[in-house]
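Trainee: Single-letter residue listing:
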Amino acid sequence: MALNHTVDPIIVGASVIAIKYADGILMCTDTLASFGSMARYKNIPRMAAIGNSTLIGASGEYSDFQEIIRLLREKEQEDFIQHDNISLSAAHYASYLSSILYGKRNKGNPLYNSVAIAGIINGQQYLAYLDLYGTHVLADYVTTGFAAHLCKPLLGNDWRPDLTESEAKQLVEGCMRTLWYRDARASNRIQFAKVTREGITFEDPYVLQSEWGYDSYKTYSLNPLYA
Amino acid sequence: MAADIDFSFLDDPEFGLPSYFKPKQDPMEEFNTLLTQEVPPIREFSGKDSEEAKKLFKFAKGTTTLAFVFQGGILIAVDARATMGSFIGSQKVKKVIEINDYLLGTMAGGAADCYYWENNLARVCKLYELKNGERPNVGGAAQILSQMLGQYRGYGLSVGTMIAGWDHKGPGLYFVDNDGMCLKGNRFSVGSGSIFAYGVLDSHYRWDMTLDEAVELGRRAIYHAGHRDAMSGGVVRIYHVHAGGWTNIIQAEDLMNIHRQRDAEKGIEFLDDEVTFNS
Amino acid sequence: MVKESKQSQFNPYQNNGGTVAAVALGGRVAVGGDTRISVGYNIISRNYCKITQLTSKAVIASSGMVTDAQNLHKLLLARITLYKHQHGTEPSLKALSKLLSITLYSRRFFPFYTFNLLAGLNEEGQGAVYGYDAIGSFDELKYGVQGTGQELCMSVLDNQCKGANRTDDYTFTQDPVELIRDVFTSCAERDIYTGDAVTVWDITAEGIQQTSIPLRRD
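Read top to bottom, the protein sequences are chains B, L and C. For the first sequence, the UniProt record's numbering begins at 1 and goes up steadily by one. For the second sequence, the UniProt record's numbering begins at 1 and goes up steadily by one. For the third sequence, the UniProt record's numbering begins at 1 and goes up steadily by one.
So here's chain B without its partners, still in its complex pose:
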């Protein structure tokens, strides 16, 4: 049958975390795309801006993520040439992408991603989670991939709608560090991006501070001889 069907993701990105905070939405990914258990591309972006108020981040098949960006940018162009001073919002893009994902899953040829879409609509934060079936869910904080297991409890404990930017960053960085310690497909090279009323800002990727020198890390073993 058709060769273009993604049945097994090949080059995959790990978790995405996005949270609402007082002035906007903060999103974070690492910059790794793995090929099976190999850390294949160690410095690639896993978030993208669509227009000037929509931010999208994805885990899963990287080529499908690029396809999603192409489709959304195409839609943005279509909207831009109308030249009517009306631009599509994050909610529109999320709805459009949800329909694409649903249509693809109906054909048995899904885009293998879990996606977070963030934006500011009329001054309000908008944050949505989408998956390869087309499921479209709104949330205050979105976690995809392994972060859905490791980081949801952390966010559940500490998230507040009135977090300041630095508090939000500290919280998410803590999550990313947890992933780096325990998710074998995560990287310590992470990137932040945010959407605020002023627009989208991407920060430069940096390497997380981490500490592997604890005794329990050094000596921990299932072998009682080394315990």
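It is worth saying that the hints were derived from the structure and are not from the lab.
List time: in silico EDC-like cross-link candidates among lysine to aspartate or glutamate, alpha-carbon distance up to 20 Å: (1) C/162 - L/254; (2) L/94 - C/139; (3) L/92 - C/139; (4) C/98 - L/98.
Remember, predicted model here, so these are calculated numbers, not experimental data.
Assemble chains L and C onto chain B, guided by the hints.
Mentor: Then chains L and C, alone, in the frame of chain B:
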């Protein structure tokens, strides 16, 4: 001169074939065009998907339905239980589909399949009537339904229905299923409880029954099927097809009422000693 | 050739769980749905509303797979808009019941994995509930429940609404909204896919009132 001769007949693929060799015009073509309208598209499912899908959708399956022709017309009796796995989805399902004022269909197999296709049959029958000024006879209607289902043969439809009605030849009772089978008969029972119903039906059936006797036979056959088949039960519904159309004789009688009645007639009371212990 | 066998590995279905229930009493109908959706043992949302308003006096509540439900609701709303433009009125509850049935059956060979309740006021102003299976078989009911908590809730509703399995002389007069809330709080105790909150839509001749109360969040 030769240039004036029209040789285009040579392009006719059937040129030179004896007339009986030519493909016959499909007698059902007219219906087929009707049938292909607004009918769900067939989607090819790969094997595993359909297996998965089957696991996800536990459609109503168990049933007891029966119908028989007797001196006074046709009697139809059905149960009303819908099961999804071991869960009783409903005890009040209407398993007799009132196709129109002169046709009844029973429901066994997939509830949605029976409902949709018998409704579709009603549509086709109405169009036939508008076009020809008379209604299709019962056999014709049954044949149309079996043709429709035959088109979807192998796609997993689940239908076991009896079509009953009255036409210029008198009562007509047909059995139609999802393979496209269409049978004429005097006694049918369909569904998981049919084996029990047949037992009662075959041993007590007589052609010259009165209507009351026929109703009692249908009621009793459904009662026994409901009692012995876990997937049948709920209430019994009974319809009578006669020269003037059909009448709903029993709308819904709880099978537990019949059970209590029969126990009382036999002088049985529920006692502890009905429960047997293994010790 | 290898590709063909691989192609079938994608299973387009997923059960996101959740329960919806509806109870009609006289000129009133209460519809409830919990707000939890899950994938496996992972809860992906605690505040997802499974109920969509279709007309001024009818709503649809769906459990099963969220993405199919969303798209089914979208499709119905589009069909209803067309109906309004064509007829200048809203479709009646009976018309909606048939519309939903044929919409579901149109996907007979690739079904919407949704289990629906359609609830509202009929043309006589009486509350009514319609229950559906995934491919469009339906029935009019006085009360109904669908979803992962169906087995747990059904017998309670049988007892409370119909007076089934009771020895006393009983008629159902309780506030249907209260009943829905009680049924959901009990359901959340025993069904892992039901919880977080229940939104109850109270449909009367005066309009639709929406309330929600919290359920167990564990």
